[in-house]
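Chains as they are written, first to last, in the numbering used here: chain A, 1 to 163; chain B, 1 to 163; chain C, 1 to 163; chain D, 1 to 163; chain E, 1 to 163; chain F, 1 to 163; chain G, 1 to 163; chain H, 1 to 163.
The set of hints was computed from the structure by calculation and includes no laboratory data.
Small disclaimer: the values here were computed from a predicted structure and weren't measured.
Do not take every clue at face value.
What the hints assert, rightly or not - Simulated restraints, written as ranges between beta carbons of each label pair: (1) ARG163(B) <-> GLU30(A): 38 to 46 Å; (2) GLU30(A) <-> GLY58(H): 54 to 62 Å; (3) GLY58(H) <-> LYS160(E): 42 to 50 Å; (4) GLU145(D) <-> GLU30(A): 47 to 55 Å.
Said to hold, decoys possible - Beyond 10 Å from chain B on every Cβ pair, some chain D residues (computed): (5) GLU24; (6) THR36; (7) GLY56; (8) ARG57; (9) SER92; (10) SER109; (11) ASN119; (12) TYR135; (13) ASP136; (14) GLU162.
Note that CB positions come from ideal geometry on N, CA and C, so glycine has one too.
Number of protein chains: 8
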Amino acid sequence: MSNPLVGIIMGSDSDLKVMSAAAEILEKFEIPFEVTIVSAHRTPHRMVEYAGQAVGRGIKVIIAGAGGAAHLPGMVASLTTLPVIGVPVKSSNSIDGWDSVLSILQMPSGIPVATVALNGAANAGILAANIIGAYDEHVSNKLSEYKQELSDKVLTAVDKIER
Amino acid sequence: MSNPLVGIIMGSDSDLKVMSAAAEILEKFEIPFEVTIVSAHRTPHRMVEYAGQAVGRGIKVIIAGAGGAAHLPGMVASLTTLPVIGVPVKSSNSIDGWDSVLSILQMPSGIPVATVALNGAANAGILAANIIGAYDEHVSNKLSEYKQELSDKVLTAVDKIER
Amino acid sequence: MSNPLVGIIMGSDSDLKVMSAAAEILEKFEIPFEVTIVSAHRTPHRMVEYAGQAVGRGIKVIIAGAGGAAHLPGMVASLTTLPVIGVPVKSSNSIDGWDSVLSILQMPSGIPVATVALNGAANAGILAANIIGAYDEHVSNKLSEYKQELSDKVLTAVDKIER
Amino acid sequence: MSNPLVGIIMGSDSDLKVMSAAAEILEKFEIPFEVTIVSAHRTPHRMVEYAGQAVGRGIKVIIAGAGGAAHLPGMVASLTTLPVIGVPVKSSNSIDGWDSVLSILQMPSGIPVATVALNGAANAGILAANIIGAYDEHVSNKLSEYKQELSDKVLTAVDKIER
Amino acid sequence: MSNPLVGIIMGSDSDLKVMSAAAEILEKFEIPFEVTIVSAHRTPHRMVEYAGQAVGRGIKVIIAGAGGAAHLPGMVASLTTLPVIGVPVKSSNSIDGWDSVLSILQMPSGIPVATVALNGAANAGILAANIIGAYDEHVSNKLSEYKQELSDKVLTAVDKIER
Amino acid sequence: MSNPLVGIIMGSDSDLKVMSAAAEILEKFEIPFEVTIVSAHRTPHRMVEYAGQAVGRGIKVIIAGAGGAAHLPGMVASLTTLPVIGVPVKSSNSIDGWDSVLSILQMPSGIPVATVALNGAANAGILAANIIGAYDEHVSNKLSEYKQELSDKVLTAVDKIER
Amino acid sequence: MSNPLVGIIMGSDSDLKVMSAAAEILEKFEIPFEVTIVSAHRTPHRMVEYAGQAVGRGIKVIIAGAGGAAHLPGMVASLTTLPVIGVPVKSSNSIDGWDSVLSILQMPSGIPVATVALNGAANAGILAANIIGAYDEHVSNKLSEYKQELSDKVLTAVDKIER
Amino acid sequence: MSNPLVGIIMGSDSDLKVMSAAAEILEKFEIPFEVTIVSAHRTPHRMVEYAGQAVGRGIKVIIAGAGGAAHLPGMVASLTTLPVIGVPVKSSNSIDGWDSVLSILQMPSGIPVATVALNGAANAGILAANIIGAYDEHVSNKLSEYKQELSDKVLTAVDKIER
């Protein structure tokens with residue numbers, strides 16, 4: 001695979017079952033990516049290093065997933081000028097997902113995180129494609145096709161339900 | 001000003017006092033933008049038109065702010081392949097902001113909105129700069145300077161408080 | 001069946017298991033209806049078309065069900081003068097139903113949605129009957145009988161429990 | 001005024017400052033209405049009487065506003081076959097409006113209340129007009145004009161903001 | 001059994017699996033009681049009658065359980081001078097119990113309901129005993145013995161856990 | 001005044017502006033009472049003593065108000081067989097009253113607290129009268145008169161609003 | 001085992017399956033501890049005694065777990081000068097854990113409880129070790145090793161995921 | 001002042017009006033401390049440095065206050081073996097404090113933060129004293145005196161209110 005444009009990171013390998021949906025979307029859109037584990041709380045120095053080197057390695061977008069008191073997306077955003085997409089994961093220790101959502105979304109002025117829905121890793125992948133597609137016509141066309149697919153699936157369901 | 005790269009839209013002119021912070025940030029980062037009112041509920045056809053033409057007009061990022069049952073960001077996202085940044089506005093009819101946040105954040109799989117904090121219009125501007133800066137070194141450098149400014153302000157406060 | 005008076009629409013065929021309760025009620029009350037899929041986010045142009053043509057097709061009430069960031073009921077309400085009944089669906093991506101409820105209920109001034117309880121599709125059907133029954137004595141009588149049935153069931157349970 | 005088609009009731013005269021918006025809308029749409037106080041908890045027998053006689057008096061829609069543990073809309077709905085629109089009022093004893101919303105919205109299967117947004121009395125008036133307009137072309141036309149007005153106001157704001 | 005001192009009522013026989021715990025406690029404390037179904041929404045006239053006759057029938061305390069938009073306890077309280085204990089039931093249509101709790105607890109000034117914990121029917125039974133025990137030494141002694149039992153169970157658990 | 005039948009206690013003198021409404025109601029109903037400060041956290045031994053002696057001193061009902069992590073009502077209930085009415089106070093350190101409500105309402109099985117609405121001290125007074133009135137005809141008659149007053153006030157408001 | 005430095009208490013033996021994680025951590029860190037049941041509501045006098053004697057018995061930290069209206073941690077804190085760590089337990093009677101969290105966390109000024117995450121008994125054990133480790137180099141070294149273990153586990157997962 | 005035993009840090013000088021209460025308590029208890037600004041998001045490298053050097057500088061407890069998506073306490077805890085007390089600050093950008101509370105409290109297993117009440121900086125100071133007092137008799141005695149003061153204030157209020 002060519003150099004990754006998107007870095008998908010998560011706080012724990014237990015988040016992988018949610019976060020793999022982001023990877024599947026990027027594969028579908030033929031956008032090169034990498035996947036790894038970076039824990040804000042268990043490997044803080046690795047997190048500082050990862051975030052600090054991302055621009056230089058050619059990464060365009062970072063997707064970071066975490067649950068509970070989810071500090072990874074916001075901390076990475078504090079350490080890079082790249083857009084960081086945060087995926088609130090409804091982990092086993094989360095209070096119905098509210099902690100994951102609020103600790104990613106409610107960033108202070110100056111350090112935004114592009115937050116998607118709870119467990120919305122597929123949408124994180126699409127948002128990364130939206131960003132890259134704004135500058136890359138191949139990806140933009142793939143996105144248009146994808147929108148058409150979504151619409152076609154609805155129309156197929158319409159046919160079934162109305163018959 | 002040259003052709004706008006960012007479109008800032010909002011559901012009502014009463015949202016302007018919150019949303020103008022996005023415009024100020026883009027001015028600071030020397031990113032051309034436009035500001036207008038597009039109401040999902042009062043001008044739905046205008047919304048369809050605006051979203052449908054954005055790519056063709058050279059827009060790279062759309063920032064959409066709305067409050068209460070806030071449908072503008074998600075509906076625009078359904079009508080474009082561009083990244084859409086949603087700003088939940090704590091409008092006068094909102095229940096402490098929860099409706100604004102949830103109706104922007106919790107988009108279904110396939111149509112993401114990059115949601116920022118409640119009333120976080122400044123962060124929406126910075127996130128737009130993060131996106132553009134991933135492909136534009138001038139903006140990227142501006143972002144690095146901005147991060148330095150944020151840090152310098154903290155250190156100045158440290159000096160005052162520790163003296 | 002004669003021309004439909006009620007249009008039951010939903011954002012996805014996965015909502016059908018909840019929304020079919022509305023159809024069952026309308027059948028019981030002998031009110032002609034139609035059921036189809038109209039997705040605000042995946043088929044926005046279909047939604048505009050559906051809502052715009054409903055009055056002309058003789059529809060009197062639209063029942064719209066959706067979950068998560070549920071924009072369908074409110075967007076349809078923005079595009080028609082008919083009463084729109086919104087059913088918040090507790091879909092798999094919903095945060096305990098709060099997003100579904102708030103993004104349907106908290107509509108801005110000017111564009112109401114008649115919101116019923118979470119997953120309350122049966123009540124949406126009854127509410128449509130209440131509306132039609134205000135102008136149609138046959139339906140009004142059916143509603144009176146239905147109220148009697150509800151009461152009779154309680155009294156039967158009373159007999160069982162007190163014996 | 002001719003016989004009222006809409007009955008606007010509320011639990012306390014302190015709700016009048018919120019509920020009068022419903023009356024203003026109905027005046028605008030030239031729909032005859034009545035306004036009175038009916039308390040579920042302080043005048044339960046009056047409530048039973050009011051709800052029981054509404055159909056016979058020619059009322060087509062009841063708008064009921066209440067706050068806190070708001071039982072008026074649901075109890076009235078249990079006593080009539082007419083559509084009942086519930087307005088959750090953020091009264092002084094309410095916990096941020098959540099009690100008002102939930103005790104009106106979450107009605108059990110069989111007895112729906114058409115709930116509008118917190119303090120959404122204007123929308124209750126419009127919804128009553130939607131219902132009546134489905135059977136009355138004069139009101140339907142008024143609603144179309146009203147939608148045009150809402151749109152025009154947005155376009156006027158657009159002109160101001162873009163200049 | 002002698003004349004009932006406590007009336008246990010509930011909105012639906014589906015609440016019986018929760019509410020029977022109140023009956024078991026009253027049996028244990030040898031307090032005569034009755035159990036029946038009284039639905040605020042499906043049998044409103046029966047509710048008015050039940051509440052209106054309770055004092056005359058020698059009832060001292062009413063325990064009322066209901067879920068969702070739970071109006072039974074508050075409506076009964078509006079129709080009697082007896083203390084009414086409300087049990088919020090987490091019914092199948094409830095949003096995690098919040099609607100049940102708030103629509104029972106948040107009664108307006110003038111008409112209190114003595115609310116116990118979600119699904120806390122056993123505690124409703126004990127509270128009824130607290131009330132009756134304030135005037136009846138036999139019940140008061142039973143309550144003292146019960147407190148001792150609760151304490152003894154803890155001490156037995158202590159023995160097991162510390163060994 | 002004769003021996004108090006109701007003990008009104010609260011965690012702090014700052015709660016007095018809320019809790020005095022309970023005293024006013026009891027005065028109106030001519031029920032003798034006492035008012036004092038008993039802090040669960042600052043005077044735990046005084047609390048144990050107060051609760052332990054209440055029955056012997058002829059108290060029939062204890063009304064306990066507290067805010068934030070409000071332990072006073074529940075702890076007093078653990079130390080007496082009397083009915084304890086808990087008033088959740090929206091104190092300055094409370095998160096919108098939710099902590100006060102939940103830490104009073106959600107008592108474990110075995111130790112009920114009769115919880116009233118947030119800041120509902122007047123209702124606590126009325127509930128105490130409901131309890132005493134179940135055994136005292138004078139108080140019961142006062143309660144009937146009070147219900148009539150509430151109703152009369154509504155009818156006076158009706159006259160004003162309908163004129 | 002030598003004299004316990006940490007007392008682990010809980011309101012009920014049903015909390016043991018959560019709270020045993022605290023004991024396991026203390027064993028791992030070789031810190032002597034004791035485990036017992038102390039119920040605020042069922043054994044209030046035992047609680048007063050336990051809290052009052054803890055300092056004299058050489059205890060340095062108390063870990064208290066409870067659910068629902070969880071008064072044990074705060075009441076113990078009111079009766080000792082030792083640091084009290086509170087573990088909100090998501091017990092069967094809890095409303096999604098919110099009652100447990102708020103009734104432990106939101107203590108009034110003067111009587112803190114060191115609250116950890118919902119069901120966070122392992123973290124309570126580590127926090128006790130943090131406290132003891134501030135004065136005991138052996139424990140401090142164990143904590144450094146533990147942090148290294150956490151980091152190593154992440155790196156092992158990285159190896160697996162990146163391969 | 002001798003070498004600080006407690007480090008009070010906060011994310012912004014705007015938090016100082018809340019956090020200064022911690023400093024006042026430590027002064028009262030004669031515990032040496034330092035106060036400074038350390039922003040997780042604006043000065044991440046300074047945060048890593050501060051947390052990494054605290055043990056070596058003789059600090060025994062760190063008190064960290066932050067609001068919104070509050071990452072400072074948890075990130076500092078990930079970088080030191082000292083006990084970290086987190087103060088959720090209800091900052092201007094916070095959603096009623098829920099984000100501040102959850103993003104500090106809900107730390108993952110392995111990295112605890114001792115969380116106190118919203119804006120509970122005074123309690124953070126007392127908790128630091130509880131910790132130090134477990135190993136320092138002078139501070140322990142000060143804490144006993146402080147508890148006596150709290151109790152005396154209640155008794156003085158009792159005298160006023162009962163007179």
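### Message
47 to 55 Å was suggested as the range; check whether the CB atoms of GLU145(D) and GLU30(A) agree with it.
### Response
Since GLU145(D) and GLU30(A) have Cβ atoms about 51 Å apart, the given range 47 to 55 Å holds.
### Task
Taking the shortest Cβ-to-Cβ distance between ASP136(D) and chain B, state whether it exceeds 10 Å.
Consistent with the label, ASP136(D) stays out of reach of chain B, its closest Cβ about 24 Å off (over 10 Å).
### Status of TYR135(D), Cβ more than 10 Å from any chain B Cβ
24 Å, holds
#### Entry: Outside-interface status for SER92(D) - nearest CB in chain B farther than 10 Å
SER92(D) clear of chain B: closest Cβ-Cβ about 16 Å, beyond 10 Å.
### Task
Take a quick look at GLU24(D) and tell me if its Cβ sits farther than 10 Å from every Cβ on chain B, holds or violated.
Answer for GLU24(D): holds, closest chain B Cβ roughly 17 Å.
### Query
In this structure, is the beta-carbon distance linking ARG163(B) and GLU30(A) contained in 38 to 46 Å?
57 Å, violated
### Task
Report holds if the minimum CB distance from ARG57(D) to chain B is greater than 10 Å, and violated otherwise.
33 Å, holds
### Task
Determine whether the non-interface label on SER109(D) survives the test: each CB of chain B must be over 10 Å from its CB.
The assertion about SER109(D) holds, with a minimum of 24 Å to chain B.
### Task
Please settle this one: THR36(D) was flagged as non-interface, so is its CB more than 10 Å from every CB on chain B?
26 Å, holds
### Task
Go ahead and decide if the range 54 to 62 Å is satisfied by the Cβ distance of GLU30(A) to GLY58(H).
The hinted range 54 to 62 Å holds for GLU30(A) and GLY58(H), with Cβ atoms some 56 Å apart.
### Task
Please settle this one: GLU162(D) was flagged as non-interface, so is its CB more than 10 Å from every CB on chain B?
6 Å, violated
### Query
Does the no-contact call for GLY56(D) survive, Cβ to all of chain B over 10 Å?
36 Å, holds
Of the numbered hints stated above, those contradicted by the structure are hints 1, 11, 14, listed in ascending order.
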